[in-house]
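Novice: Here are the chains, one letter per residue:
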Amino acid sequence: DTGVSQNPRHKITKRGQNVTFRCDPISEHNRLYWYRQTLGQGPEFLTYFQNEAQLEKSRLLSDRFSAERPKGSFSTLEIQRTEQGDSAMYLCASSFPSGGEETQYFGPGTRLLVL
Amino acid sequence: DQQVKQNSPSLSVQEGRISILNCDYTNSMFDYFLWYKKYPAEGPTFLISISSIKDKNEDGRFTVFLNKSAKHLSLHIVPSQPGDSAVYFCAASSNFGNEKLTFGTGTRLTIIP
Chain X
9 DTGVSQNPRH KITKRGQNVT FRCDPISEHN RLYWYRQTLG QGPEFLTYFQ
59 NEAQLEKSRL LSDRFSAERP KGSFSTLEIQ RTEQGDSAMY LCASSFPSGG
109 EETQYFGPGT RLLVL
Chain L
16 DQQVKQNSPS LSVQEGRISI LNCDYTNSMF DYFLWYKKYP AEGPTFLISI
66 SSIKDKNEDG RFTVFLNKSA KHLSLHIVPS QPGDSAVYFC AASSNFGNEK
116 LTFGTGTRLT IIP
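Those protein sequence lines, which keep their order, are chains X and L. Here the first sequence stands for residues 9 to 123, where the numbers follow our numbering. Here the second sequence stands for residues 16 to 128, where the numbers follow our numbering.
Just to be clear, a hint being listed does not mean it is correct.
Unchecked claim - Anything over 10 angstroms on all C-beta distances counts as not near chain L; from chain X, calculated:
id, residue
1, 15
2, 22
3, 82
What the hints assert, rightly or not - Derived DSSO-like pairs (lysine-lysine); straight-line CA-CA distance at most 30 angstroms:
id, chain 1, residue 1, chain 2, residue 2
4, X, 65, L, 86
5, X, 65, L, 20
6, L, 83, L, 69
7, L, 83, X, 65
8, L, 20, L, 71
9, L, 20, L, 83
10, X, 19, X, 79
11, L, 86, L, 20
Claimed, not checked - So the derived label-pair ranges between C-beta atoms look like this:
id, chain 1, residue 1, chain 2, residue 2, range
12, X, 11, L, 75, 19 to 27 angstroms
13, L, 70, X, 23, 48 to 56 angstroms
14, X, 76, L, 23, 37 to 45 angstroms
15, X, 23, L, 93, 44 to 52 angstroms
16, X, 92, L, 69, 42 to 50 angstroms
17, X, 48, L, 41, 16 to 24 angstroms
Keep in mind the hints are simulated off the structure, nothing from the lab. Just so it is clear, CB atoms sit at the ideal spot from N, CA and C, and this is done for glycine as well.
Okay, chain L solo, but in the shape it has when bound:
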């Protein structure tokens, strides 16, 4: 039972344009959501998070949007840079992150120079 889904295994975006990565979840108990970035042979690096009391959180070039009614979140990267090329994982937790994380299967983002 995949409680967190990232339906796009890969995405290619031109440098300077907007990258939009999507994530859906099914468990209504999830109230804290995180995005991690992962390079090959390294551990996931935390990017940005959002709790269910908000619908948007912004940090520099990264913005996460949460639509609770649709059980959907998205990560926007503007402008996209070559160094953004990596695998992006969406993760969810209950109790505002004070529980284990449930991850999606990841989206490989490639930024085309």
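Isolated chain X, as found in the complex:
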């Protein structure tokens, strides 16, 4: 399977705990994006990387959120001291800018439930 993969697919945690999600992009895609989707809404941008550099962060990404892409391949998104409002689907997408139009391809998502 050469698509974007995300792990875990589901995570249930108690408020105050830390959680970490992983995203493996499509091979050779050097751009990686994180989005969050809540019920009844479209995905909302959180942050993105070009190779290992984090180029943009949304205001949605509070200090409790941190994302890394240490070797320009997979990425992790960590949420510290989770709150019930963090319950959402976390989506990862990757793309390969070819100098023309760029299309992002999404993974299956990680659904987080904070109790």
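Once you have looked at the hints, place chain L on chain X.
Specialist: Okay, now just chain L, sitting in the frame of chain X:
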């Protein structure tokens, strides 16, 4: 501030007929538009895209039309099939997609057999 709007939360269409999903945007900097299809508990699947230099793009049963002056785009599915039942998201980007995507709230399409 909702920069991408899908004003119809749901749409029901008879199998074999045409499905038309609509999307409006407000940001004049958007120059690349995409449609994604999403099943429950899965990530969005890319369907079709169009850049602002075109007004129509076709791929099999799917056609996207862009009206830049009205800041409006639509997705036509002909003929509609039961497997098309899903939530459809319109997304927009600037710099021909080399930026983050801004999504609408989605339209749930139900194809009636």
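Novice: Each hint should be assessed against the structure and marked as holding or not.
Specialist: Right, here's what the structure says about each hint:
{"no.": "1", "hint": "15", "in the structure": "holds, 13 angstroms"}
{"no.": "2", "hint": "22", "in the structure": "holds, 22 angstroms"}
{"no.": "3", "hint": "82", "in the structure": "holds, 16 angstroms"}
{"no.": "4", "hint": "X:65 <-> L:86", "in the structure": "holds, 27 angstroms"}
{"no.": "5", "hint": "X:65 <-> L:20", "in the structure": "holds, 23 angstroms"}
{"no.": "6", "hint": "L:83 <-> L:69", "in the structure": "holds, 9 angstroms"}
{"no.": "7", "hint": "L:83 <-> X:65", "in the structure": "holds, 29 angstroms"}
{"no.": "8", "hint": "L:20 <-> L:71", "in the structure": "holds, 20 angstroms"}
{"no.": "9", "hint": "L:20 <-> L:83", "in the structure": "holds, 15 angstroms"}
{"no.": "10", "hint": "X:19 <-> X:79", "in the structure": "holds, 25 angstroms"}
{"no.": "11", "hint": "L:86 <-> L:20", "in the structure": "holds, 11 angstroms"}
{"no.": "12", "hint": "X:11 <-> L:75: 19 to 27 angstroms", "in the structure": "holds, 20 angstroms"}
{"no.": "13", "hint": "L:70 <-> X:23: 48 to 56 angstroms", "in the structure": "holds, 50 angstroms"}
{"no.": "14", "hint": "X:76 <-> L:23: 37 to 45 angstroms", "in the structure": "holds, 39 angstroms"}
{"no.": "15", "hint": "X:23 <-> L:93: 44 to 52 angstroms", "in the structure": "holds, 48 angstroms"}
{"no.": "16", "hint": "X:92 <-> L:69: 42 to 50 angstroms", "in the structure": "holds, 44 angstroms"}
{"no.": "17", "hint": "X:48 <-> L:41: 16 to 24 angstroms", "in the structure": "holds, 20 angstroms"}
Taken one by one, the earlier hints all hold for this structure without exception.
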